[in-house]
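Colleague: Whenever a hint applies, use it, and build me the whole structure from the sequences.
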Amino acid sequence: MKVLIYGWGSAEHLGITEVNDAMTSLVNKLGHEPVYLDDEVVCAEGLGALGYGKQMREIAPVLVKLMENSGADVAVTPFAASYYVWNYTLKDIPRKIPVIHVVQYLHRELSSKRPVFREYEKRVLIHDGCRLGRYSGVVKEPRAVLKMVPKLKLVEFEHPDMEARGTKPWDIAPCPGSWLEITMNPLMPYVADNVLRRDVEPLNVDVLTTTCANGYHAFKAGKEFGHRDVEVKFIANLVDEVLVEVSE
Amino acid sequence: MSMDRIYEEYVDRIIKFGAENERTRIALDRAIDSYRKNRANALKKFPHTITLAEEVRKIKEYSISHMDELRKSACDAIEENHGHCYLAKTKEQAYSIFEDLVGRNKTIVKSKSLTSEEIHLRQFLESMGNEVYETDLGEFIVQLLNTRPMHILSPAINIPREDVARLLSDFTGESIPPDIAKEVATVRKILREKYFKADIGINGANVISADTGTMFIIENEGNARLSIGAPPVQIALIGIEKIVPTLNDAFKTAEVTWRYANYRIPAYVNLISGPSKTGDIEKVTTYGAHGPRELHVVFLDNGRSEMAKHPVYREALYCLRCGACLYECPVYAVTAGHYGQQYMGGIGTIWDAFTTVGFEGAAPEAYTCLRCGRCKVMCPLGIDTVTMVTQLRKDLVSRGLVPQPVREFAEEILELAKNGVR
Ligand code: SF4
Ligand code: SF4
Chain A
0 MKVLIYGWGS AEHLGITEVN DAMTSLVNKL GHEPVYLDDE VVCAEGLGAL
50 GYGKQMREIA PVLVKLMENS GADVAVTPFA ASYYVWNYTL KDIPRKIPVI
100 HVVQYLHREL SSKRPVFREY EKRVLIHDGC RLGRYSGVVK EPRAVLKMVP
150 KLKLVEFEHP DMEARGTKPW DIAPCPGSWL EITMNPLMPY VADNVLRRDV
200 EPLNVDVLTT TCANGYHAFK AGKEFGHRDV EVKFIANLVD EVLVEVSE
Chain B
0 MSMDRIYEEY VDRIIKFGAE NERTRIALDR AIDSYRKNRA NALKKFPHTI
50 TLAEEVRKIK EYSISHMDEL RKSACDAIEE NHGHCYLAKT KEQAYSIFED
100 LVGRNKTIVK SKSLTSEEIH LRQFLESMGN EVYETDLGEF IVQLLNTRPM
150 HILSPAINIP REDVARLLSD FTGESIPPDI AKEVATVRKI LREKYFKADI
200 GINGANVISA DTGTMFIIEN EGNARLSIGA PPVQIALIGI EKIVPTLNDA
250 FKTAEVTWRY ANYRIPAYVN LISGPSKTGD IEKVTTYGAH GPRELHVVFL
300 DNGRSEMAKH PVYREALYCL RCGACLYECP VYAVTAGHYG QQYMGGIGTI
350 WDAFTTVGFE GAAPEAYTCL RCGRCKVMCP LGIDTVTMVT QLRKDLVSRG
400 LVPQPVREFA EEILELAKNG VR
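In order, the protein sequences belong to chains A and B. At position 193 of the first sequence the residue is numbered 192 (numbering that gives the first Met the number 0), and the sequence of numbers has no breaks. At position 18 of the second sequence the residue is numbered 17 (numbering that gives the first Met the number 0), and the sequence of numbers has no breaks.
Any given hint could turn out to be false.
Below 30 Å or equal to it, Euclidean Cα-Cα: the simulated DSS-like pairs (lysine-lysine) are [said to hold, decoys possible]:
(1) A:K139 to B:K276
(2) A:K167 to B:K57
(3) A:K121 to A:K95
(4) A:K167 to A:K150
(5) A:K167 to B:K36
(6) A:K90 to B:K36
(7) B:K44 to A:K167
(8) B:K57 to B:K43
(9) B:K105 to B:K193
(10) B:K417 to A:K90
(11) B:K15 to B:K57
(12) B:K417 to B:K308
(13) A:K139 to B:K36
(14) B:K375 to A:K53
(15) B:K196 to B:K276
(16) A:K167 to A:K152
(17) A:K64 to B:K393
(18) A:K150 to A:K139
(19) B:K88 to B:K417
(20) A:K95 to A:K53
(21) B:K393 to A:K90
(22) A:K167 to B:K43
(23) A:K167 to B:K375
(24) B:K196 to A:K53
(25) A:K53 to B:K308
(26) A:K64 to B:K57
(27) B:K71 to B:K44
(28) A:K112 to A:K152
(29) A:K53 to B:K393
(30) A:K167 to B:K251
(31) A:K150 to A:K121
(32) B:K417 to A:K95
(33) A:K167 to A:K90
(34) B:K417 to A:K1
FYI, nobody ran anything at the bench for these hints, they're computed from the structure. A quick note: this is a predicted structure, and the numbers were derived from the prediction, not measured.
Modeller: So this is what it looks like as structure tokens:
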């Protein structure tokens, strides 16, 4: 199976090439062939969020053509927004190639094969990207994948509201301000650092892992800015780190 | 001022006075923690509030669709109750009504009202030579600081006790320690005599019923009670979106408002339907018994009817101003009310666009929102701020009012797409 690693250019643009490396490594470990776009319109899915929805719709067929020309069977993205846009906002644009999020890909492949994981004796807090968790309901998959890792202690966000109103961790997962990168750049590290300080540190975890590469980028900036101790990892990077091999 | 200049000034302000300000952070931390715990406890004790909020959403949907009709009914009821009712379509009309009613050189005590902040009513009255005292403790601090409120309900949320102590020491010429109880006692002493000296009391309202003309003013401090009750004349400034059909609807709306505003049960809920009166002597109704002998209610439109006409923006009018969303917003948590021009936060962005600074002024706010949707989860009425902010961004694009960094980013993508290259 050919797997298009979609959003490669966006990750490069954001300076998080380690996400691309982990995605490629995982596709290889899972016995698939990674493919890439010849040309990529970097961050194109961001247009709709910025108010250019009409223009995004106009260029969507160009993006679909690029994806289809790659010859891939499936496009896998690390970006929550990208997943959301293709599966909801632009659902009506004719497209032969499915676009799935990397947590869905990992969950599907790892639960149908026999993966071997290294032990990971750490407390890991899961952060759901807003568009993936709150908006798309893709919440079981990342948890199921992390639960496969021996000794990993999964930790969830907490809020006093959870008992009173029955809100779930993905309902209250705080955004580290990823989009500020584009819309108000100087503010982003403050927001991300504050989330780490207020919402993450009190949970006493070793690692924060997020399902959104864009969120990862912001958390990384916040960690650096505030000199926070907690390790910050994009979920694909964490899984790649502990996944030794996979057999059928 | 050009769009880009407005944006630059806004970013400078939000960083300098919000994000970089350690004292704001300390004060916000304390307030957010305490709010979250208290609200959760209040909802646990009164779990019916969650379903009541669903009912209130329907009441608000109906009310906003019938705003004009309800305003007429409310005015009829107020006049029947021997009050006077006015409609100010714009800020200027409101000023002119207040100018006629208040005149010059009066002493005025005022209770907290975002609607009066919207039109800078205090500043207008002061410019006419009146002496105006904000009587809500937080608003009083804001007045002394000569700044603007930083939260819907807690105007001085960003000011820690240490700063309040310094401010009050300067004002009184005495040494006030950073002890909250002592600070409260100091403000109580300063304001107490003003209520009975005042010629006029001015208030807002959380909700008003069209059938009885009864306004509800929720408070804990007791300042609204005194500023409404002590002076001989009461003037209320109320947004037309606050009118609901019946007294029963108003009770429901008030309960959801106070519960989400962090009051399990507020110390006071003031219900006012007319001026003070008595019939104790020969059953002859006489006005101005102990409370005000005159009641004037000024309904303010100021862009609300425009908002109500729009299929997306109208949802902003459902807002109860409980402030719950602000306590949960990751941006607000580092910037306080600097995330905003006059109103604040994501919901405030829409209000600012229609009632205070226009679309151009609200553009930087529109691009401060992360579109994360946590506010919607936490809002009692599930108000969809993200959809409204997205609509506002679309409108800003079509009006050519997008701030430079966003505009350049989008243009670059569109250029790339046109050429089909990386
Ligand atoms: S969607 Fe905007 S206003 Fe709402 S919580 Fe997120 S950043 Fe704040
Ligand atoms: S938007 Fe909702 S949570 Fe925010 S102030 Fe209004 S009613 Fe309260």
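Colleague: Could you work out which earlier hints the structure fails to respect and list their numbers in ascending sequence?
Modeller: 1, 3, 6, 11, 12, 19, 24, 26, 27
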